[in-house]
Amino acid sequence: MSGTNKNLQQKMDDLSELIAWFDGDDFALEEAIDRFKAAEKLATEIETDLSSFKNDITVLKQRFDSEA
Amino acid sequence: MENVLLSVSDFVALTNQTLEYAYPNVGIEGEVSEFKVSQGKWVYFKLKDDESVVDCFMTLWQLRVPIEDGMKVVIQGSPKLTKWGRFSVTVKAIKPSGEGAIKKSFEILRAKLDAEGLFSPDRKRQLPRIPKRVAVISSTEAAGYADFIKIVNDRWGGLQIDVAHVQVQGDSAPDQMIRAFNYINGQEELPEVIILIRGGGSADDLAAFNDEQLVRTIAASRVPTLVGVGHEVDESLADMAADVRAATPSNAAQILVPDRQDIIRAVRAQTSSLLPLISRTIEQTSRSLREQLDGAVERIEYRIATYSDVLQARRSVLQQLNPETVLARGYALIRGQQKIGETIEVETSNVILEAEVKNVRNK
Numbered sequence: 029m030s031g032t033n034k035n036l037q038q039k040m041d042d043l044s045e046l047i048a049w050f051d052g053d054d055f056a057l058e059e060a061i062d063r064f065k066a067a068e069k070l071a072t073e074i075e076t077d078l079s080s081f082k083n084d085i086t087v088l089k090q091r092f093d094s095e096a
Numbered sequence: 002m003e004n005v006l007l008s009v010s011d012f013v014a015l016t017n018q019t020l021e022y023a024y025p026n027v028g029i030e031g032e033v034s035e036f037k038v039s040q041g042k043w044v045y046f047k048l049k050d051d052e053s054v055v056d057c058f059m060t061l062w063q064l065r066v067p068i069e070d071g072m073k074v075v076i077q078g079s080p081k082l083t084k085w086g087r088f089s090v091t092v093k094a095i096k097p098s099g100e101g102a103i104k105k106s107f108e109i110l111r112a113k114l115d116a117e118g119l120f121s122p123d124r125k126r127q128l129p130r131i132p133k134r135v136a137v138i139s140s141t142e143a144a145g146y147a148d149f150i151k152i153v154n155d156r157w158g159g160l161q162i163d164v165a166h167v168q169v170q171g172d173s174a175p176d177q178m179i180r181a182f183n184y185i186n187g188q189e190e191l192p193e194v195i196i197l198i199r200g201g202g203s204a205d206d207l208a209a210f211n212d213e214q215l216v217r218t219i220a221a222s223r224v225p226t227l228v229g230v231g232h233e234v235d236e237s238l239a240d241m242a243a244d245v246r247a248a249t250p251s252n253a254a255q256i257l258v259p260d261r262q263d264i265i266r267a268v269r270a271q272t273s274s275l276l277p278l279i280s281r282t283i284e285q286t287s288r289s290l291r292e293q294l295d296g297a298v299e300r301i302e303y304r305i306a307t308y309s310d311v312l313q314a315r316r317s318v319l320q321q322l323n324p325e326t327v328l329a330r331g332y333a334l335i336r337g338q339q340k341i342g343e344t345i346e347v348e349t350s351n352v353i354l355e356a357e358v359k360n361v362r363n364k
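Going line by line, the protein sequences match chains A and B.
For any residue, its number in this note's numbering is found by taking its place in the first sequence, counting from 1, and adding 28.
For any residue, its number in this note's numbering is found by taking its place in the second sequence, counting from 1, and adding 1.
Worth flagging that the hints you see were computed from the coordinates, not collected in a lab.
Built from N, CA and C at the ideal position, the CB exists for glycine as well.
Watch out, some of these pointers could steer you wrong.
[Claimed, not checked] Quick look at which bits of chain B chain A covers, simulated, 3 or more residues with Cβ under 8 Å:
hint, segment
1, 37-49
2, 161-174
3, 180-192
4, 264-273
[Stated by the list, open to error] Pulled a few chain B residues facing chain A out of the computed Cβ check, cut under 7 Å:
hint, residue
5, N4
6, V5
7, R87
[Claimed, not checked] No farther apart than 25 Å at their CA atoms in a straight line, the calculated lysine-lysine pairs in the DSS-like style are these:
hint, chain 1, residue 1, chain 2, residue 2
8, A, K82, B, K133
9, B, K37, A, K89
10, A, K89, B, K151
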């Protein structure tokens, strides 16, 4: 995972929150560019994370062909 | 053996030993008749064809599918001579044989489990949108498993997948799948979803997924279940008992995880919509400012015009009050004492006269 220790879901939530700010009552033009840059950085991190993640597949050693 | 004298019990025991040696496990196909369950534990029926009939016995817990008279079945068992001298087959496994019997058995069991509420939509649980840890029950050698893993890997990453390798067809398959379900459900740290998958096959191949105990195990799973068995047209009782049914193993992968490309596209679309939003806001703010300034100018011009009108009116009044204007209308301004013999000054609009007062009288 790149960037901070936040997991993907937390980053997605952060991005949604950042984007929601642009539609909210607190929107202020003075802050918009900084927030936009933060959103763009987060989006790039998410894209990098998504592209680099691999699944970890483990075949259990436990056998199921007879009663344990 | 000619000179050996056996007791009846020894004869029965010897016969059974011989039968056990000769037929440790025999498969027989025939039609069921006189099917009955005794004391809720023992199952008795006859298996017959056009010419012969044989008694069969089994325990109720071994009966994994509904059986009724007239149904064609295949049994696995061992022949035995009872101490009462009756010959019967002790059945270890029984399953319907032929399309008609399989369908009939399926319908009976479906109706029974449906009546118990095992397939009720109210029991269905939702799967997590983005799971982190899941367990798969399948044969790792099956094509359906390979399809599932390929699609999950293509679509998503960062997922911990524990795989329980089991047989997914054959007589031992239901028990293996049940053990796998029980093992996973008994773990201290539970996965978020259990996925049961198997690719397509004949009705007989997929019969394991209509096993009553397996269906009950799926319905009772602590962990939400996703079942994808066979092709789209195939329908199993395992599907119906699952929290979520997938049409195929590939479809199970699509249901389990989102497509990372979709999320990347959505994230890009979200962020790229922000710049136009900022530009639009700047434009709107500028327009609003311009409009406010225009309004201010208009208000100033209006005030000036108003003041100008007032000034003009007052100037007009002032003009009327100007003595010069009165003199211009023919009046004269007199200065001095109005007494006989006094000299007074008379001012008209264009001359100033000096005159002597000759007479003064009251009006």
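**OP:** Run the structure past the numbered hints and jot down the numbers of the failing ones, going up.
**Re:** As far as the earlier hints go, 1, 5, 6, 7, 9 are violated by this structure, in ascending order.
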